[in-house]
Amino acid sequence: MNRSEGPEDDAARTAPGPLTREAVQLTLRHARGQRSAAILSILGATSFAATIVVSAGVIGWITDRLILPALAGTGAPRIGLGTATAVLLGVAAWRSASIVLRRSAAAWWQLRCEQALRRDMVAHQLGLSLRWYASRGVGDLLSVSGNDTKQATGLLAPLPFAIGSVFLLFGSMGLVLSIDVMLGLVAGLVMASVVVVDAIGSWSSFRHMERVQRALGRLSSVAHESFDGALTVRALGREQEESERFRAVSMTQRDAVVRLGRAWTGFRAVTDLAPALGTIALLTLATARAATGDVAPGELVTIAYLLSLLVVPTRLIGYLVWDAARSVAGWRRVRAVLDVTDRPTYGAMHPAADTRGAALRVEAVTFAYATGRTVLRAIDLEVAPGTTCALVGPTGSGKSTLAGVLARLWDPDAGRVLLDGIDLRDLAAGVVPANVAYVPQEPFLFDDTVRGNITLGDPSIDAAAIAGAVRTARLDEVIAQLPDGLDTRIGERGTTLSGGQQQRLGLARALARRPRLIVLDDATSAIDAEVEAEILAGLRAESERSAGLGATVILVAARPSTIVLADHVVHLEDGRVVGRGTHHELIRRSASYAALVEAYAREAAARPATTTGGAA
Amino acid sequence: MSEGTVAPDRRPRSLVVGLREAAALAPSLRRGLGITLLLAVSGSLGTLVVPLLLQRLLDVELLGTQGPDVAAAARLGLLAALIAVLAGFASWRAMYRLVRTAAHGLHELRMRVFDHLHAIPTLSVARERRGALVARVTADIEAVSQFIEWGGIGMLAGASQLGVVAVLMVVLDPVLGAVVLGIATVYAASLLAAQRVLARRYDRVRLRVATSLATAGEAISGLPTIRAYGIEERTARHVGDVLEEQFRTESRTRILGATLFSTSELFAALMTISVVGIGVSTADLTGVTAGRLAAFLLLVTLFVAPVQLLVEILDQAQSAAAGLRRVLDVLDTPRASEPEPDRSRSPSAGPLSVAVRDLTYAYPDGPNVLDAVSVDVPAGERVAIVGRTGSGKSTLVKVIARLQQPPPGTILLGGVPLEDIATTELRRRVAFVPQDPFLFDATLFDNVRYGDPEADDPRILDAFAALDLSDWLSALPDGPNTRTGERGDRLSAGERQLVALVRAWLVRPDLLILDEATSAVDPELDVRLRRAVERMTSGRTSLTVAHRLATAEAADRILVFADGRLVEDGAHHGLLAAGGTYARLHARWSVDATSV
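So the sequence lines, in the order shown, correspond to chains X and W.
Oh and the first sequence: position 396 is 396 in the numbering used here, straight run, nothing missing.
For the numbering used here, add 616 to where a residue sits in the second sequence, where the first one is 1.
Source of the hints: derived by calculation from the structure; they are not laboratory data.
Any given hint might turn out to be false.
[Claimed, not checked] Stretches of chain W that chain X covers, calculated by requiring three or more beta carbons in the stretch to come under 8 Å of a beta carbon on chain X:
#, segment
1, 646 to 656
2, 667 to 678
3, 699 to 711
4, 721 to 735
5, 869 to 877
6, 889 to 903
7, 1075 to 1084
[What the hints assert, rightly or not] Simulated DEER-style distance windows between Cβ atoms:
#, chain 1, residue 1, chain 2, residue 2, range
8, W, R1200, X, P483, 26 to 34 Å
9, W, A933, X, D339, 33 to 41 Å
10, X, A605, W, R1200, 19 to 27 Å
11, W, A1081, X, G485, 51 to 59 Å
[Unchecked claim] Part of the chain W face toward chain X, derived, beta carbon under 10 Å:
#, residue
12, R752
13, V783
14, V786
15, E849
16, R908
17, A910
18, S960
19, E1169
20, S1206
All of these numbers come straight from a predicted model, not from anything done at the bench.
Even for Gly, the Cβ is constructed at its ideal location relative to N, Cα and C.
Chain X extracted, bound-state conformation:
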């Protein structure tokens, strides 16, 4: 929660100056990519502004030449009704065309920028280190790429209109000036004051708006946490406390909304009122000028008409300030991610081709998470090609972390991992995934078909490879029950499959790539032991059939029935290797290993004597 508050706090503290500069920079950045859309939308807006000035002039013109002569008897009409109709329709058509141009081009501009930003954002995140990723929180990152990219382009929607409105204000002032200098100056004053009040209002409301956004963020985290823990909340009967916890943040949000409302409705009332008062003043003044013959009645109508058309455009300038501030806030969060450079580096080396079963060597690997908990301490390990090595240890001993380091999900803080004698970090991009398959306990499944989840879009995985992997992972039994077989869609996160089925799919995904090193991180925990043994046996047979030596297998395991399938075992405790050897050797040699692995067997052996009093 705290971590997401940082940038917004900065924004709230920042004076308007830097914010304006950032808004301009952001706009220019958006404009660079989409020059023609930007120019067209501003052209459309300017053209629209021109039609407003022109139509006010036309109304005055019609008043003087048609309406007044016809109705007030100030001489013969100098234009016919047909002319007036044609001119009015012409101006309306011009204005319609301007609106279509402005809105279409502005929409195009904004949507293109949003699309590009979101695409770049996802592409960028795809390249960042997993350690950074883990420290950031997935929900947070989703919000940056989903909401903040949209927000960062939000200022483009009102921008063209607002730019057009600035032209409009000058044009209007020019028109009034051409009627009468004094009236022109007053009109200019009125319009300037509206813009200024609007801008001030938007700036001061921005602060409140950020509070609202922050409150909404907190609201969302509390709700998320509370619903995620629903079973625990219910089991412990803590609904009331959860409700109170949520009420507190909901009330904060409510009060922030009310404060924001008080601020902006006040300013909006003033900016609504100012043009009306200005018009009244101008009309009264114009009447006095007309009395001396300096202003014609038609010009009076022009001024009134013009000012009635100006209300919306001037308000839009204020909205722009508002939207710009929001966009800058969103952009700052986007940029904070785009500026991250913590990405894995790749070398240019390739392992010697065509040997099955990779040789793996781990030298003095140390690893700590961002939270400061050291999980691996100077681990040394050597796994010969084609052999199976089990990583065994108590809860929290670092087995899973080590598995991740072997698949280069994380780079060690010190020490190195060698694949066929080459440091993983010196291998070219794509080499590790091509050679090493990592299968977690809960494989991440995409909202796609079974087939799509196996190939992950790789066209080089053909039907034969899929069939082989499916058979070895014993996924065929699962597929047989699915309505569309391999082409069944499995839903978001594969929720239509059970835990064991998901694990088999995760295994098939790995095997279809014919990896030279397979890292199974408790990847068969939800599969029955018999089936698991068959899968592991099949896995070796499959790779042996394909090329002499089988794949090298690393497995993190807790069940003795799994461990016993390994050629040798590495015993971990508190991030250190405390024993190596075959399972039976370790049982003989290490009391702690035997206690760990044989806990159930020993308990079972002890049980009849203690609980059933020798009933056996």
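Fit chain W to the given chain X structure using the hints.
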């Protein structure tokens, strides 16, 4: 995200119906609405000041028979300004009142939805849908809120302006007024038709947006897998394609919208032309003055502006309606029942007996998970429940803990029907430890205290010691003050289970239910914990769902489930000797547990 997750299918509500229902649920929404409306209408009277002033100035001062009277004009101007200020004040109050009302009302509605969601039994089942549930109390309500704050104010001001201007037009000149209103009616009808077309297009846009958000979301959530399989580029391309689809659909729709919207200018011109044409050509009959005609021209612009605004916010109204509909659907979902306070009964003190009477249970729209299960567990007995995945054993204990709602009369605790026990009483007497316990983003001790808010540090330390976990506690970097992280993700799955056990220990329950509560800890620790739990449960009733049969061996009695039925019931040795399901499960387990 899937919509209407917990709600039954029903015909969709319109925004108006939805708002009315919401107002019934959150009375604040309705409070003072009459005054707000009155203020809004008074506020829009202000827009009439300028056209009327123009008319007076033209007809009386400039074109009148006496010629211009500057002092009278100034007086008139001052009066107009005064009215404008008063009207401005009224509309400010109307806007502010609306914002305040909406904020208070929606807060109430949000609380109702939040409480309701916690009371729906299915919430604990539908894991994958929780993201959507969060949206119910945030994004969906926010859509309604934004609609009321922006669109609602616009609609309120616009609608009253529309009405007030229409009335003045008809009063000022019935013929011209009727013409303008006639054209407006035709325009309104064509707008509605256009809106229907647009609405369908926007549905497609929303679908595209949802797809691209989901695709980008997968790319981010699945990053470890994407990295492990080296499919970054392919994923980025896929996301790019989906975003391009979204762009194409969305930009086309927006351009169509812009085109439809621009026609309002032509209609406005048509009104102006009609006013000028009819006004000028029928002046002899109607006696319309130049000032009146000029005022009319202004009124036309004032009349068209709110219509244009209404078109703009129709889309917003639709998404608000959709959001509100989802919120109200949640409230339609039945909540878990709670006995009337005066009818609730408490089982007598001490260990609880459990009786299950012919219990058949199914999740909504699913097959029976439990099929005619009957069993009696006397007080103080320690029972293990075993069976393969999907046999119904976990559902049974959830039903007994009332985490799922059983049919009335099928469960009795201490002889009292489950539905007659007040929730607070039930939670005090029965502790349930799930397989995947949830930790809040707080310190370790605060998380433990979630089981009993009153527990002080020494008592919690005792609990750790009693469960043989003092070593583990002291090995943590900050001991009791270690932050557990979001969802407890700074601890391993096994460590989270330890915290949940300590929580349950603090409750000191009369019935302890463990649902594979130690599945993720290593075997040695599991055995140690189980010994501690045995000490803890001595003299109490306990139900333990176990996939490690070591637990079953130690129990007083074993219940074996298969396909939702209770198939075997007895002690370890008896069941082994019987050579049935349990014997088969046990044989497999023995292979698992012993390597030799």
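Hints, one by one, checked against the model:
1. Requiring three or more residues with a Cβ within less than 8 Å of a Cβ of chain X, the coverage given for the segment 646 to 656 of chain W is violated, as only 0 such residues are present.
2. Here's how the segment 667 to 678 of chain W fares: 7 of its residues keep a CB closer than 8 Å to some CB of chain X, so the rule of at least three is met and the hint holds.
3. Figure legend: the segment 699 to 711 of chain W, annotated as covered by chain X; annotation consistent (7 residues with Cβ-Cβ distances under 8 Å, at least 3 required).
4. Here's how the segment 721 to 735 of chain W fares: 9 of its residues keep a CB closer than 8 Å to some CB of chain X, so the rule of at least three is met and the hint holds.
5. Coverage of the segment 869 to 877 of chain W by chain X holds in this model, with 6 residues showing a Cβ closer than 8 Å to a Cβ of that chain against a need of three.
6. Under the rule that three or more residues need a Cβ within less than 8 Å of chain X, the assignment of the segment 889 to 903 of chain W holds, with 7 such residues.
7. Coverage of a stretch by a chain is defined here by at least three residues with a beta carbon nearer than 8 Å to that chain's beta carbons; for the segment 1075 to 1084 of chain W and chain X the count is 0, and the condition is violated.
8. Between W:R1200 and X:P483, the C-beta spacing of about 31 Å keeps the proposed range 26 to 34 Å intact.
9. Taking the beta carbon of each, W:A933 and X:D339 are about 39 Å apart, inside 33 to 41 Å as hinted.
10. Judged by the Cβ atoms, the range 19 to 27 Å given for X:A605 and W:R1200 holds: they are separated by roughly 21 Å.
11. For the pair W:A1081 and X:G485, the beta carbons lie near 55 Å from each other, so the given range of 51 to 59 Å is met.
12. Restraint check, W:R752 versus chain X: the minimum CB separation of about 9 Å is within 10 Å; hint holds.
13. This hint is violated: W:V783 has a C-beta 18 Å from the nearest C-beta of chain X, more than the 10 Å allowed.
14. At its closest, the beta carbon of W:V786 sits 20 Å from a beta carbon of chain X; the interface hint therefore is violated under the 10 Å criterion.
15. Hint status for W:E849: holds, given a least beta-carbon distance of 8 Å to chain X, under 10 Å.
16. Given the 10 Å rule on beta carbons, the hint for W:R908 holds: about 9 Å separates it from the nearest Cβ of chain X.
17. With 10 Å as the threshold, the beta carbon of W:A910 comes within range of chain X, its nearest partner Cβ sitting at about 5 Å, so the hint holds.
18. Hint on W:S960 is violated. Least Cβ distance to chain X is approximately 14 Å, over the 10 Å limit.
19. With 10 Å as the threshold, the beta carbon of W:E1169 comes within range of chain X, its nearest partner Cβ sitting at about 5 Å, so the hint holds.
20. Hint on W:S1206 holds. Least Cβ distance to chain X is approximately 8 Å, under the 10 Å limit.
Checked against the numbered hints given earlier, the structure breaks hints 1, 7, 13, 14 and 18 and satisfies all the rest.
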